[in-house]
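Visitor: Residues per chain, in single letters:
There are 2 protein chains.
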Amino acid sequence: MFSKNKIKFINSLKKTKYREIHKLFFAEGEKLADELLNSGIKITNILATKDWIKTNSLKLNGCKAEIDEIAEVELAKISSLSTPNQVLIIAEQPQYTYHLEEISTKLSLLLDDINDPGNLGTIIRIADWFGIQNIFCSESSVNLFNPKVVQSTMGAICRVKVHYVDIPTLINSVKRYPDFNIYGTFLEGSTIYNEPLDEKGFIIMGSESHGISEKIKPLINKKLFIPNFPIGEKSSESLNISVATAIVCSEFRRRSFSTQNGMKP
Amino acid sequence: MFSKNKIKFINSLKKTKYREIHKLFFAEGEKLADELLNSGIKITNILATKDWIKTNSLKLNGCKAEIDEIAEVELAKISSLSTPNQVLIIAEQPQYTYHLEEISTKLSLLLDDINDPGNLGTIIRIADWFGIQNIFCSESSVNLFNPKVVQSTMGAICRVKVHYVDIPTLINSVKRYPDFNIYGTFLEGSTIYNEPLDEKGFIIMGSESHGISEKIKPLINKKLFIPNFPIGEKSSESLNISVATAIVCSEFRRRSFSTQNGMKP
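As they're listed, the protein sequences go chains A and B. Every letter in the first sequence is one number past the one before it in the working numbering, and letter 248, counting from 1, is 248. Every letter in the second sequence is one number past the one before it in the working numbering, and letter 56, counting from 1, is 56.
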């Protein structure tokens, strides 16, 4: 059985400070548990209902985590979720490295001060769908292991590598690679639907409230714009950051798709 | 000065039941207040700080709403927002009608049981950006005037007309219009990037957890699929409903853009 101290410990992991001390995070729900069990991420603890443990006994074979049975009503007390929940997992924070040489051949997302956990989680999910393996966040962005980020990735956190870096330093370090473009969206950019888009490069997305920061703007050589409709009619509106990211990623991947199918991009 | 009863009344408007009785809703923050003041929506009350009233005195000229000055600290007590706030507006729920004849010449979104207020708000914002003037929600969808929906539209609620209807009945009623297509996204659909897409039609988006419902599926004649990447690699993942809506709307509008610019769509 689990102890009061364990509950206290899980609650402490809701705070960045304690997650950083222990290098752990927690994830809730069957979907995320399933994804974590199938990933290379090291699981330290599983708190689950009797039913969940029974149903998943095969998957738990060989799993070295400490497994505690918990009543659904007890789990609900610890849970951040509003819907009934069967399982909570504590896992080690994966530590990722990257090699510039490899990054220079791929498409990556750079997030300039994303603050909203839901937005970061949704963007990780978008990256996963569109086969973008690396996301670089500015150091002041929301913490990857914030429970709301973890939950809103819907498991994509097990596949996409998220790095925290100084964005201008990273951009400057790829300057040695020819034809490696730095893309960003701007209201005064060129219409994304017409512009040539590569299969490699950095796509920079700005913060929810301030857009791309002044120190990063001059480092962008391809300014893109998602046109609103009707065409040419000025709109006072903007798009949500994760929505804009989705449209940009989809358009980059559409080109690869058209090329592979022998169509005009 | 505002009374305790007024605060009680505003709090009651957080519930669908009371919003329906009074046919009112409330909206918070400077951006939304600005949008509402510039819209045709009838404002009944404004609760705002001294500063906000002073700064917006010109805009308030001719506004027939009851205006109450409130201290920021008092406003924070009523507010659902986590960030400091200057103004709260109570307005009449706009009542929209639609004409099938007009709808049959346009692109509209049909939402089949969207439950999450943030998703509905974000979809309204997407529709606004892409010039989609009408959204039809199934009757059991989240209420349009839920404060979280209102806030996440970022003002788009003042422009996009949201109707609650029986979706199968609506679809059956447009059958008399030739070449009017009913589009929906499915995992086994045709790749959206290659399919012909019209400037008119219904785009159906399913619920977050169950997708498009069984009773609506047979009414769809154009099944679309947003391909994941790398192409042909099966992904266990799905996209968030508002993210999928954004990608679909962007792709529809890209075709109009390409046609208007004499490019191959």
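Bear in mind the hints are in silico, worked out from the structure with no lab data behind them. As the structure is a prediction and not an experimental result, all values here were calculated from the model. Each hint should be verified, as a subset may be incorrect.
[Claimed, not checked] Listed next, the in silico SDA-like pairs over lysine to any residue satisfying Cα-Cα at most 20 Å (straight line): (1) Lys31(B) - Ser207(A); (2) Lys54(B) - Glu237(A); (3) Lys148(B) - Ile41(A); (4) Lys14(A) - Ile41(A).
Visitor: Report the numbers of all earlier hints that the structure fails to satisfy, in ascending order.
Guide: Hint check: 2 and 3 fail, others pass.
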